[in-house]
Amino acid sequence: MPHDVTMPQLGMAQDAGKIVSWLKAAGDAVEKGDALFEVETDKATMEVEAQADGFLTDVCAAEGDDVLVGAVIARISDSAEDSMTTPAPTATKDNDDDLPQGVSVTMPQLGMAQDTGLLVSWQKALGDAVAADDVLFEVETDKSTMEVPAGKDGYLAATLVEAGQEVPVGDPVAIISKDKPEAPVSRSIASASVSKAPATPPVESAVGPAVEAAVEPTVKSPPAQAQPKLGPPPTHGRTLASPKARRLALEQGLDLDALAASGHPQPFHVADLAAAKALPTGAPAAMVAQTMRLTAEIAEDGLPDFAAWAARSHGLDDATALLAGLGGASLGSDNETTVVIQRAGQALTYTVPTGRGLSKVTASDNIVTDLILRDLRGTPIRSADLGVQGAPVLTIMTAGAGLDIALECTHTQLNAQAAITLLSNFAGRMEQPLRHLL
Amino acid sequence: MREITLSQAVNEAIAEEMRRDPTVFLLGEDVAEAGTPFKVLSGLVEEFGTERIIDTPISEPGFTGIAVGAAMTGSRPIVDLMFGDFIFLIMDQLCNQAAKTHYMSGGKLSVPMVLRTNLGATRRSAAQHSQSLHALVAHIPGLKIAMPSSAYEAKGLMKTAIRDNNPVVIFEDKLMYQDKAPVPEEEYLIPFGVANIKREGRDITLIATSSMVQVAEKAAEILAAEGIEAEVIDPRTIVPLDEATLLESVKRTSRAIVIDEGHQSYGITAEIASRLNEKAFYHLDAPVLRMGAMDVPIPFSPVLEDLTVPTPQTVAANARKLCAGEMIHAA
Chain A
4 MPHDVTMPQL
14 GMAQDAGKIV
24 SWLKAAGDAV
34 EKGDALFEVE
44 TDKATMEVEA
54 QADGFLTDVC
64 AAEGDDVLVG
74 AVIARISDSA
84 EDSMTTPAPT
94 ATKDNDDDLP
104 QGVSVTMPQL
114 GMAQDTGLLV
124 SWQKALGDAV
134 AADDVLFEVE
144 TDKSTMEVPA
154 GKDGYLAATL
164 VEAGQEVPVG
174 DPVAIISKDK
184 PEAPVSRSIA
194 SASVSKAPAT
204 PPVESAVGPA
214 VEAAVEPTVK
224 SPPAQAQPKL
234 GPPPTHGRTL
244 ASPKARRLAL
254 EQGLDLDALA
264 ASGHPQPFHV
274 ADLAAAKALP
284 TGAPAAMVAQ
294 TMRLTAEIAE
304 DGLPDFAAWA
314 ARSHGLDDAT
324 ALLAGLGGAS
334 LGSDNETTVV
344 IQRAGQALTY
354 TVPTGRGLSK
364 VTASDNIVTD
374 LILRDLRGTP
384 IRSADLGVQG
394 APVLTIMTAG
404 AGLDIALECT
414 HTQLNAQAAI
424 TLLSNFAGRM
434 EQPLRHLL
Chain B
15 MREITLSQAV
25 NEAIAEEMRR
35 DPTVFLLGED
45 VAEAGTPFKV
55 LSGLVEEFGT
65 ERIIDTPISE
75 PGFTGIAVGA
85 AMTGSRPIVD
95 LMFGDFIFLI
105 MDQLCNQAAK
115 THYMSGGKLS
125 VPMVLRTNLG
135 ATRRSAAQHS
145 QSLHALVAHI
155 PGLKIAMPSS
165 AYEAKGLMKT
175 AIRDNNPVVI
185 FEDKLMYQDK
195 APVPEEEYLI
205 PFGVANIKRE
215 GRDITLIATS
225 SMVQVAEKAA
235 EILAAEGIEA
245 EVIDPRTIVP
255 LDEATLLESV
265 KRTSRAIVID
275 EGHQSYGITA
285 EIASRLNEKA
295 FYHLDAPVLR
305 MGAMDVPIPF
315 SPVLEDLTVP
325 TPQTVAANAR
335 KLCAGEMIHA
345 A
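Just so you know, the protein sequences line up as chains A and B, in that order. Per this note's numbering, residue 4 is the first one in the first sequence, and the count goes up by one each step. Per this note's numbering, residue 15 is the first one in the second sequence, and the count goes up by one each step.
Bear in mind the hints are in silico, worked out from the structure with no lab data behind them. All figures in this text were calculated on a predicted structure; none of them were measured in a lab. Any given hint could be a false lead.
Unchecked claim - Partial selection, computed: residues in chain B whose CB lies under 8 Å from chain A:
#1 T136
#2 A140
#3 F295
#4 Y296
#5 H297
#6 D299
#7 A300
#8 L303
#9 M341
In this text, a Cβ means the ideal position worked out from N, Cα and C, and glycines have one as well.
Isolated chain A, as found in the complex:
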């Protein structure tokens, strides 16, 4: 496909360049990158390289000529004979028949490394009379927006590009006719090769309301695209929750996806966890499969004697806090833990520090629980299988002189080894509380 050779713009304020010398002659084979000619601007003399492989043809500017930026001065064709009388009315091959006769205006090269230019706006309406110096359109490159002159006196007979379209350097963007066009043509890059529709119907006078009608849609189209939208963003199938809400839900075994399925508005925050707790726990089969129940048996309940000794010798007279301390320590955590003691319909929450200091167990109002101790000593209940809760549950029941202790938890709360360790630790401490101090 033939490639137009145009006068490049080598300076920001340059509108013409003088051809100092041709370095290739018409008919010469050229390769992309070969120096074609030398240009002198007000600042410097530069060599201009070929942008395509082929043969130099249709040279229409001589050495010494001042040529407007963007003007076509030659062509690189597929063969040395591939020549036309004038390279001017170029490009569009398939539907040339629809286009008015005239000189084509091409997308100028405004920067050294520029491949395309964005046609920002047309400064003339279709059918308008234009002078060579009139600004025809504005082009935006990666560096700046510049006005491009028509380069030829005449009438704007066709626009081949819509405002907002990106045009390869050298491609025709308009046709300027000598005479007033009867039917000016407006096209876009996409439509040029496909449809011949947008040509305006012939009108008695080319300059008039019909012209506006042809131009208007091209001007209005770009802003129609970008419309910011408000309202909750799409969740893309994810449950939206704050990092803290997510962490607490994990710690407390709450199912945020179930909360989302219930239609509770997202994103979820900590305050929404109450709603998650209130969801019916329709324990799905998968949940049941993930639970664990372990039991231990000890011959003697060592706690009453230990509590009496602790109260007498150390002034620790809250036996419930001692129980919480033994439970919390059995978890073997590196952090302080929160233990809830459930007894006779009451729940007491304690913070258990790391280490062995039972005197440092304090009442707490934490809502995040690490361990629940269900104390059924003194009741006639001998067996309990009450299901898992938000934290591992140790149930303590009287069995003769000793105790039965059951641990119920899920695999997400404790793995098997951790569950065995917790129950062994706790059973050992209940049988022989002094062990805790060793």
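Using the hints, position chain B against chain A.
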């Protein structure tokens, strides 16, 4: 306790340190007879003379360079930069020389210099005399940045700055020079890198610098009337930053707004918000918000200028949204 203005507090701090240490001297434009355009240094030249309170020609790079050299060779200069906006003129002296000399001399040289300058809009001083440019220098390792929020901080931080063996930049808010606050008669210093919890609260943490501390405190009062308890923290120095206190607070409240008068983009608010996101992520119940000056040249028009900076009302409005769990939309 007696109350004095921020201006008097700075004056006292410099006078006390100049009496204590004969190597301390001050130089800048209109600092001696004029006592600066804000009258902060009035009376100092009478006590210390023109050898130690030095009026310089109008050449910020010149007198800042002199101070850097003097600091390297045993003095403790205080450079008075009339407007914070002029910091652009002394970037090389401050950022390439003062900030790096200790490092590049292998510790053989120190630059115990204080640059006192100002920030703050809404004084109708237009775009070249209203900027808050502390983020520019906070970006440079080797500089400490103090931002007093009241007369009390202004005095304690200035005395610490003068005694520090590193270059310190102090940004005073030029609208606060006449603001009074209780300041003890007896000597005190405020250590760098220790934040001050100005008000305790459980629902949201407002981290604010300089005059924005007042804005945050007023916002907290508005919010308190609505049942939202805001905690207000003043970092006092942004380099070094008391990250531990900020993190501890945000872990408690789960929400935070960072308020600073520098331009919002790429500013102090962004840095602090980012650290909270990195180190307290799993404790956050809402995104950490930044509130800085609008990303525009500060307008001269009073109506427009007032719109560019955070106010108690805009801070309270954002706090309300965060506490209500409202989605913060991307712009």
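Status of each hint after checking the structure:
1. T136: violated (31 Å)
2. A140: violated (29 Å)
3. F295: Holds. Min distance 5 Å.
4. Y296: holds (4 Å)
5. H297: holds (5 Å)
6. D299: holds (4 Å)
7. A300: holds (6 Å)
8. L303: violated (14 Å)
9. M341: With Cβ-Cβ at 6 Å, under 8 Å, it holds.
Hint compliance for this structure: hints 1, 2 and 8 are not met, and every other hint is.
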